[in-house]
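The chain contents come next:
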Amino acid sequence: MSWRDKVAGLKAKAPAKARSRSPGANSRAVSYATSPLLASKTPPWRSKFLVALVGLAFCGLLGRALFVQVIDKQFFQRQGEIRYARTLELQASRGRIVDRNGLILASSVPAPSLWADPKDFEADTAQRKQLAKLLGMTGKELTDRLDSNDNYVWLRRQVDDQVAKDVAALNLSGIHQVREYKRKYPEGEAATHVVGFTDVEGKGQEGSELAHQKDLAGRDGTRRVIKDRLGRVVEDIGDSVAAVDGRDVELSIDSKVQFFAYQRIRNAVAENKAKAGSVVVLDARSGEVLALANFPSYTPADRRNLSGEQLRNRALTDTFEPGSTVKPFIAAWALETNRVKPDTVLHTAPGKIQMGGFTISDSHAHGDLTVSEVIQKSSNIGSMRMGLMFQPREMWELYTQVGFGQKPQIAFPGAVTGRLRPYKTWKPVEQATMSYGYGLSASLFQIAQAYTVFANDGELIPATLTKSATPEAHVGGLRVVSPATAKTVRQMLSLVTGPGGTAPKAQAMGYSVGGKSGTAYKQEGKGYATKKYRSWFVGIAPISDPRIIVAVMVDEPSNGKWYGGDVAAPVFSDLVQQTLRTLGVQPDIDVKTQIITRDVPAEEESF
Amino acid sequence: MTRLNVLLLVALIFSAIYLVRVSHESRRLFADLDKARNEERLLASEFERLKSDKQSQATPLRVEKTARDKLAMRTATPAITQYVEVARAVNAASANGGTR
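First to last, the sequence lines map onto chains A and B.
When we follow my numbering, the leftmost residue of the first sequence carries the number 397, and every step to the right adds one.
When we follow my numbering, the leftmost residue of the second sequence carries the number 2, and every step to the right adds one.
By construction, these hints were calculated from the structure, which means they are not laboratory data.
Glycine included, C-beta positions come from ideal geometry on N, C-alpha and C.
Incorrect hints may have been included.
What the hints assert, rightly or not - Footprint (simulated), chain B over chain A, 3 or more residues, beta carbon under 8 Å:
id, segment
1, 497 to 509
2, 649 to 663
3, 900 to 911
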């Protein structure tokens, strides 16, 4: 017997009983008591009504089910998902910046950030004191910070791993950690102008960090997961986008050379009581920058109270009139166009020439000088005589070809163009002054790059800050003068550092060098300041087979010496020795010859 | 017929319980895997930190200072350096242990 039959049987019995006990009553009435006294008559609609009510309730439930399951399904599914699914950020790590030998110049290290929930925060006085000490603030600063917001307060962002561990060990409630990364710069202030820095969000702000932001940054990924009650990830759902880590950037910088260059220019600035100084060291064959240092500098890890003076990458952003350092270019072009020979005699007496209401003078009268001697003794008048042999257009093209007035082809923020006015607006006197380096301006970097013409047998090589893919390969450049001319000019440049030249102090032990010193009054407003100088030296070593170009600039030396040959040349000499030794270049001259020329007094150069 | 049904019921119940067990196990293992992956990332970044720490301890500044002050070393100048060619160096080394 199935349950259906039983229920049917029960239903059948009940009315039969009612009928038997109270005959005459409505056959469909339900009796509620066994005693006839208590039996009351119920109207038949009542049971119908109840059944209808129950039916209606069922309909309501059905409708609700329909609403939840079909009509508004998405809303409920979404609400459910919010409660168990989480989207996790996959942080891409920022690429490293390494030097040419793979030594790290910048890398990302974990640095947790600490935040507090002031409502939850509980600590007694001793704990507060300890916490403040760990965070490097005073007790009052900590209290102020906690009072500044009700829900969320950064206690300190990007602290050292150890500090974070110590804070966690205090075991205070209401203090939480967020995993973050910060940049670390092992080379510190020595390389900071090249490497630059990032902001707290890890975005490049200066230097290579900014120039290579795209390569370094990488792309963050995301991942959908299901988390359980304990916060553990138990399942991956949906598509996950993998994080793409930033690429490493390889700079052409050599840390050792860079450090030495920085140290040497720092000392030179201190020795000469100067305002600032810059150094550029170029690989003469590939145009790679081996070092680029400036003083004053700053520590990239601690950038509070930074001044523009410290931040400025002077070698690239400061322009000045290149002065005597352009004379070799004038001589080279005069030789190239067969207007002069190295031993052609030029009249420079009496050391002063009036031209267009302007006096062009040498620091002292020289009489008749050959072209070589003009370069060696840095005669303004001799250089002017050669310069006036050219058409203005010719000279403009020469300067443009070697990169003056042209933005350096270098991926680096802030590199300046310098100034070279179009030749059509030149007055004759301007052409005269321009032939010894006044009336145009360039950065130290541009001057160093221009000297690749002499170092590379007449070809200009664009300088680069990134390591070239093919080491030791000879880079083809823009031909400016013939190899023979470049060789002749190199010999002239080596005379500058010899006896009777303007910079005997540039000599390096064991290596033949050649270069050109420069000294200038500083431009102030419209005129020239009388007691403020700028001294520099640009040179090539070894002169017999050029490997490096070193450019040194010292701003406002004020310790009694201001000639480029006295102030900048010694820095050049030290750098050449150190750098060539680091590169493993064999000395090309007998060491003993060096000692003889040491005490020869420097020739005063014209500026 | 009833027996078969009972058998199937038991099988069903067993399979259901087994499913619960397996999915629990898989979640547990996945959580472990995730933990291990996190740890790997942590160790990698720690490694990176140590590498850069190591280099901060070996900057040219420090090396030079230590070499000069503690070890009393001097910079080699060309005057006290003997340069030898690579080809000759091999011969010299085999003959009398030539140095550079």
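Could you check the structure against the hints above and give me the numbers of any it violates, in ascending order?
Hint check: nothing fails, all pass.
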